[in-house]
Each structure stands twice: as C-alpha cells, then as structure tokens.
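Visitor: Read off the chains here:
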Amino acid sequence: MTSADPGSFRDPASRIVFQDGRIIRLLDPSGLAAWQRLSSSRFHGRAVDEGRLIESSQIEHPPAGAAGAVEHPRLPMITYPFEWTFSMLKDAALLQLDLLADALGEGLTIKDATPYNIQFVAGRPMFIDIGSFQEYREGEPWIGYRQFTRQFLFPLMLRSWAGLRFQPFLRGDPEGPTAAEMRSLLPLWRRITPAGLMHVSLQARLEKKLSGASVRDDLARAGFSAQLILNNVKRLRDLVSSLQWNAGDTEWTGYVACKHVGRDRDEKASFLRQALSRGQVRRVLDLGTNDGYFSEIAHDAGAMAVAVDGDEGTLEESYRRLPGKAISIVLADLSNPSPSQGWAGVERRSLFSRSDPDLVIAYGLIHHLIYTSSIPPAAVVQWLRRFDSRVVLEFVSPDDEMVEVLTANKRVEELHEDRDEQGFRSILVDSFEILSETSLGSGSRVLFELQPR
Amino acid sequence: MIFAYLDPGSGSLLLQALLGGLAGIAVAFKAWRARISGKGASAAGSTETDALEEQAVSGES
Chain H
1 MTSADPGSFR
11 DPASRIVFQD
21 GRIIRLLDPS
31 GLAAWQRLSS
41 SRFHGRAVDE
51 GRLIESSQIE
61 HPPAGAAGAV
71 EHPRLPMITY
81 PFEWTFSMLK
91 DAALLQLDLL
101 ADALGEGLTI
111 KDATPYNIQF
121 VAGRPMFIDI
131 GSFQEYREGE
141 PWIGYRQFTR
151 QFLFPLMLRS
161 WAGLRFQPFL
171 RGDPEGPTAA
181 EMRSLLPLWR
191 RITPAGLMHV
201 SLQARLEKKL
211 SGASVRDDLA
221 RAGFSAQLIL
231 NNVKRLRDLV
241 SSLQWNAGDT
251 EWTGYVACKH
261 VGRDRDEKAS
271 FLRQALSRGQ
281 VRRVLDLGTN
291 DGYFSEIAHD
301 AGAMAVAVDG
311 DEGTLEESYR
321 RLPGKAISIV
331 LADLSNPSPS
341 QGWAGVERRS
351 LFSRSDPDLV
361 IAYGLIHHLI
371 YTSSIPPAAV
381 VQWLRRFDSR
391 VVLEFVSPDD
401 EMVEVLTANK
411 RVEELHEDRD
421 EQGFRSILVD
431 SFEILSETSL
441 GSGSRVLFEL
451 QPR
Chain R
1001 MIFAYLDPGS
1011 GSLLLQALLG
1021 GLAGIAVAFK
1031 AWRARISGKG
1041 ASAAGSTETD
1051 ALEEQAVSGE
1061 S
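Protein chains in written order, with the numbering used here: chain H, 1 to 453; chain R, 1001 to 1061.
One chain only, chain R, in its complex shape (with noise of 0.2 Å):
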C-alpha cells in the first residue's frame, strides 16, 4: 500500500468506482458486498498495515 499524505475520504474512494462507468459498477458492488458481509479489509480485522494507514491518513491534507 502506498502512503498517502491526503486524507482521500473513504466514501469518495468507493464513489470513484461508481464514477468509472458500467465496469466501475461492478467494482464498488463487489467492494460493497465484501465490506457488509465482513470480509473487507477493515471489518475482517485491521492488520497492522491497515492501521498504521488508518493513523497516516486520518490527518486532513
């Protein structure tokens, strides 16, 4: 995973998948699905990587 100093907002993350047309479509409603039936990165349980991510992140750009 790449750092990112930009805070990139969780929400509009998951839009941009929508916005990339039919294909995208599939993307977020994948995305989506694994995130409510508990296997998401996050709702699977954090691995360290995800919460130092989570800590670098959670700062506004």
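The following block holds chain H by itself, in its conformation from the complex (with noise of 0.2 Å):
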C-alpha cells in the first residue's frame, strides 16, 4: 500500500512516499534530472560516506506518473527543530552551510535552507532531502537565505543574544521568526554589532523596501557569482560557530547528584534489564530521561531508544555525551507535547504518534505530573495505556521526600485522589497486568512492569 508523506509536498519536483514501510521519493522530470547531477557528483558519495547525507538507491522501475525514484532508509525516529536543544539546532545549521559550500564547489546548490531537512541519525546531523539540490546557475543568488537566518540564525540567536528559549517561536511559527521581529527581540546592543545591522536591521529594512520586487534578473546582470554566497556562507559559518547558550545548572541538570537517584539507581537498572530481556525489544520511549542513564541500558540491550525530557540542559549533556549511539534526543514537556500540526493539522505529526514503542520507561516521572503540573493519576494512567505497550513505572508514594518537596506549598484539598499506593494499584489493575514489582529501599518507592490489558 502506498500513502503520501503529509510533510512532503511543497516542493513540485521531489516527494516522499510510504510504500509497504518502505521510503520512496518520487521525482518528476526537474527532480530526476537534479538527482542525476547529484548522484553523479564527487560531492554526494563523499557526503553520504561520511554520514552527512542520506543513502539513496535509484528504483529501476519508478511507480506510474513518476520520472524516477529512489529508495531511502527507515529513520529511527522523526524529530522536529523545536524539539531540539541549542546545540543540536546549531550544529544542523553548520551542517546546512558546509553543505551547500561544498556543493557549490561542484557547480550544484541547495534551493531551501529549513532545518526539517535535517535529522539526527546516533546523534549527528544528517541531511535528508536530496531533492534539495540542484544545478547552480551563474548569477543566481542563494534563494535559501531568507529562510536559513528565519530557520537557523535567528532562532540561535535568540538563546544566545536574548536568552530566549528557541523552541517555543519553533513550535508556534514553524517559518521563524522574520527580520521584523527580531529587531524587536534582540537588545540593541546585539542589534549595532555587524551581524545584528546586516542580517536583522538591514534585512528588515530591504524587506520592507522591496517587498514584490523582481531583482533576481538585476543581480545576474550586476555580475552576481558563486563566490558571493561562498563569501557569505563563510561568513555566517564563523557567526554560527561564535553562538554560545552555556546551559549551567537548570532545574535538572544536578538531578543524578541527589542522594534517592544514587541510592535507587542499580535497582532500577537491574528492573529494567529484567523487562527488556522479556520478548523481543526494538523500540524503547524514555519519558523523563533525565542524563539518558536508562536510555542508554536500553540501547546496550539492542533497543533504539527516544530519550524525551522537558529540561534542556540535562539534554544537552546527553547530545554531547551519547554520539555514535542509537538514542533520539527530544526535548519536550510532557504535560504539553508537540501536537499534530503544520497544513491541514497533519504536515507535523504529534510526538506520540511517531514513537511507536516496545517499551515504555517511567522512571521518576509520575509524581511530577501528579504534583507538579497536577494531572489525576487516573489520567496519567490512561496517558500511558495509551502507547499500548509494556511499562516500566516507578510509583513515587505521597510520603517521599520528594514528593514533600513538591508538595510544600500545597494543602491537601488540593491534591488528586488515589494518589497513595492502594489507590494507585486500584487504578493501574483497571489497564493493565502487573507482571512484575518490587519496592526500592527507600520504602516510598515501588517498580512496576505492566502490561496493558
């Protein structure tokens, strides 16, 4: 059977299609012949060897109505740039750069500059959408631009100049912010230095001069080269390197140090070991993370692991620490995950609906939901059937220290029934079969395996 990609359609010459779990790319008679030009180019085997492009087999027999095609890889797992921490936004700029530098080396160019083109593949970049390049033509300019300082630049600036987290601007705008905007954003000291005047100030102001203009023809004519955007992508690529966020300590970013997670760790690891040896283990979703401790005994088992954590310092510690391993870094809020969104509500798929795990872990996780951001425990019950698969979940009861913590300044009216271990059995029997437990030695903490009924 095959479906159309809701998040490949924009570009005429080039779109993906599922085909019996398979990835095709259709091309019409513009993307094929753009895709032989790539294929036969130094560039493409070079970029595809050293994992910064993504392998492509030709189809010898492209489906009806298509020029060509070709096959890809299955990615383990599709994120979005607002799921991203800082690091790994800038990092996928860079690559954006080095990439269209060193294909326009072989008279080739990339036509857009958006960060969905890039995914990370054991947790480096890689770039996705060959049908991105194409032939450059003498005189063009970098049509891309534009779009890089919205997608990129800007969104980078913002946590480094502004101190502003990227990612909500991401997820509400999924275009970035516009020049306009972020002469509004930045401090004005950040506004006069040369990269603040050229790519925001003086960016805003020739848009709104020239708004409609045709002037791609009067650059041609003005001698307009490759060596220009060279020149510039330098340029931007120095800018780039130079954007520093130095998370220091965010809320979590000292959790492993605190003396229940030391004193429970091997317990759980030794739980949760237990559960992956149990049936066969492809796909792990590790909600509250945290240092990716979990993640990575999942991923030493033979899982692929998606380490998700609303905190984007311990998460950026994990991007830099977990290279060359199979686990997916996605930052989200889990009381508020990324939904389906993008043309007619389906372009972007929410986070849950592209995780499809073997196996949930929920490790010092519920009693921040329960308490924190104060979701029943029916409802995070629910929330976790849903997945339709095995749990392992650490039940946190209301007379842990930390669970005193966080409730410190709350009365007891306040807070949600069956929250104490007999409530919270009576409701977790509802969903699913206890196949396994054990109580921690703290006494206030018990592990469960569950599987859904």
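You may find that some hints are simply not true.
[What the hints assert, rightly or not] Cut-off 30 Å, straight-line C-alpha distance, at most; resulting in silico cross-link-like pairs (DSS-like, lysine-lysine): (1) 234(H) / 1030(R); (2) 234(H) / 208(H); (3) 234(H) / 209(H); (4) 1030(R) / 208(H).
Derived from the structure by calculation, the hints contain no laboratory data. Quick caveat: nothing in here was measured; it's all calculated off a predicted structure.
Hints are included, so try docking the two chains, each in its own frame, into the full complex.
Guide: The structure is reproduced here in structure tokens:
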C-alpha cells in the first residue's frame, strides 16, 4: 500500500511516499535531472560516506506517474527543530552551510534552507532531502538565505543573544521569526553589532522596501556569482560557530547527584534489564530521561531508544555524551507534548504518533506529573495505557521525601485522589496486568512492570 | 530563470550581495542603480517570464 508523506508536498519536483514500510522519493522530470546531476558528483558520494547526507538507491522501475524514484533507509525517529536543544540546532546549521559550500564547489546548490531537511541519526545531524540539490546557474543568488536566517540563525541568536528559548517560537511558527520581529526581540547592543546590523536590521529594512520587486535578474546582470554566496556562507559559519549558550545549572542538571537517585539507580537498572530481556524490544520510549542513563541501558540491550525530557540543560549534556549511539534526543514538556500541526493540521505529526514503542520507561516521572503539573493519577495511567506497550513505572508514594518537596506549598485538599499506593494500584489494575514489582530501598517507591490489558 | 518554490524575499536577495564582501558591494550597487534608474528587470516593464515568476514565488514557502 502506498501513502503520501503528509509533510512532503511543497516541492513539486520531489516528494516522499511510504510503500509497505519503505521510504520512496518520487521525482518529476526536473527532479530526476537534478538527482542524476547530484548522484554523479564526487560531493554526493563523499557526503553519504561521511554520514552527512542520507543514502539513496535508485529504483529501476519507478511507479506510474513518476519520472524517477529513489529509496531511502527508514530513520529510527523523526524529530522536529522545536524538539532540539541549542547545540543540535547549531550543529544542523553548520551542516547546512558546509553542504552548501561543498555543493557549490561542484556547481550544485541547495534551493532551500530549512532544519526540517535535517534529522539526527546516531546523535549526529544528517541531511535527508536530496531533492533540495540542483544545478547552480551563474548569476543566481542563494534562494535559501532568508529561510536560513529565519529557521537557523535567528533562533540561535534568540537563545545566545537574548536569553530566550527558541523552541516556542519555532513550534508556534515553523517559518521562524522574521528579521523585523528579531529587531524587536534583540537587545540594542546586539542589534548594532555587524551581524545584527546586516542580518537583522538591514534585512528587515530591505524586505520592507523591496517587497514584491523582482531583483534576481538585476543581480545576475550586475555580475552576481557563486563566490559571493561562498563569502557569505563562510561568514555565516563563523557567526553561527560564535553563538554560545551555556546551560549552566538548570532545574534538572544536578538531579543525578540527589540522594534518592544514587541509592535506587542500580535496582532500577536491573529491573529495566529484566523487562528488556522479556520478549523482543526494538523501540524504547524513555519518558523523563534526565541524563539518558536508562536510554543507554536500553540501547546496550539492542533497542533503539527515544529519550524525552523537558529540561534543555540535561539534554545538552546527553547530546554531547551520546554520539554514535542510536538514541534520539527529544526536548518536550510531557504535560504539553508536540501536537499534530502544519498544513491541514497533519503536516507535522504529534510526538507520540511518531514514537511507536515496544516498551515505555516512566522512571522518576509520574510524581512530577501528578504533583507539579496537577494531572490526576487516573489520567496519567490512561495516558500510559494509550502507548499500548509494556511500561516500567516507578510509583512514588505521598510520604516520599521528594513528594514532600513538591507539595510543600500545597494543601491536602488541593491534591488528587488515588495518589497513595493502594488507590494507585486499584487504578493500575484496571488498565494493566502487573507482570512484576519490587519495592525500592527507601520504602516509599515501588517499581512495576506493566502489560496492557 | 529557475523555478523557486520558496519565496526568497527580494530584500534578502539584494542583501546577499552586500554580504559577499567587497566584490559583492559593487554588485549590489550596480543592481540597485539599475533599479532606481529604471533599467531594472521589473522597472523596465515585466516580461512575461518575470510575471510568471512573480506569481510562482508570491506564496510563502
């Protein structure tokens, strides 16, 4: 059965369809010509070998209606830029610039510049849209420059220069902030730096002044050349490299040093290993992963892990520590996960419709949902049941020292029912069968391995 | 002229010349002068190709 990827339709020359679990890219005549040009270049082979560009194998007999088709490997997990940390978006930006410079060296260009064309595979960015490459024609400017600033440069500047998280901006508007919006968002002393003046203030002014004017021919006649793009790309590379964000101590970076974490960690690890050894586990969804320790255990047991957390600081540490491992890092607030959005409300899929786990890890999680986000325990259990997979869950009783901290400023009547162990068990058994359980040393926490009923 | 499915933004295109260094500043100046002196592509009267291109790129990416 063939179905179109609802996120691949903007480029008429090249679009993705799913066919019996395979990822097929259909090409029209111009897309096919561009692919043949790309695949015959030295740049292509090199970029694929280095893991910077997705592999493609040409299909001999393309489906009816397509001039050509190629097949790509299936990626473990699709993530979106608003689910990335600062360093992930920065590495993606550098990859975009490096590929453009390398491509121009062989007479090719990249016709757009969106982070949606990049995915993280084994912790490193990989460019996945081969349809973005086409022959460079002398005199043409870089069509993707504005998109690069809005979707890569400006979000990084927001974090580095204005102390603002870029993810809510990119989730709210996938096109990214405009130059005019950036002018309002950046502090004055950043706006008057050379980069601030050119990419932000001057771009905003020129955009307003020249709106709708056709300047491509004017530039070609005036002698525009690929060298000018290369000069710009080189400077942009230096600029992006200079943008820093030091996560410092965020709310969760010191979590591992907490007394209860160190005390229970070995028991939680062996309980997880036991669950991993039961049946075939290919995909693990680690909710509230913190430093990624349990995702690594799942990875070492042969599973592909998706490590989700709402704290950018801890995920930054994991991102730096875990390259080479098939662990997908996802920044998401579990009380407000990424929705289905974009064109027709389906262009970008919701976080949990992309994850499809065989096993869910919910360690050190549910008490934060119940006490911090005020989600009723029954709603938490129903939510976990919807993954339709086994769950290893850590229950934390109301007399736990951590819960006492979380509820320090709450009155008893403001807390939900069924938060004690007896009430929680009665909810659990409605939705799950308890395969195994063990009490942790502290006495206030219990691990459950659950099978959906 | 190649087809752009993405709106590159007219101002952002001209800015690129300026961002290309000294040689680029000369190119931007020439393109700008052609525009204000009425010799620019659109100022000189849009050709059919230009009009089609304008239509093609008028939608946001």
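Visitor: Against this structure, judge whether each hint is valid.
Guide: Quick rundown of the hints versus the structure:
With a CA separation close to 23 Å, the supplied pair residue 234(H) and residue 1030(R) stays within the 30 Å bound. Taking the CA atoms of residue 234(H) and residue 208(H), the gap is about 26 Å. The hint holds against a cut of 30 Å. A threshold of 30 Å between alpha carbons decides the hint, and for residue 234(H) with residue 209(H) the separation of about 27 Å falls inside it, so the pair holds. Proposed proximity of residue 1030(R) and residue 208(H) is supported: the alpha carbons are some 20 Å apart, at most 30 Å.
No hint from the list above goes unmet by this structure.
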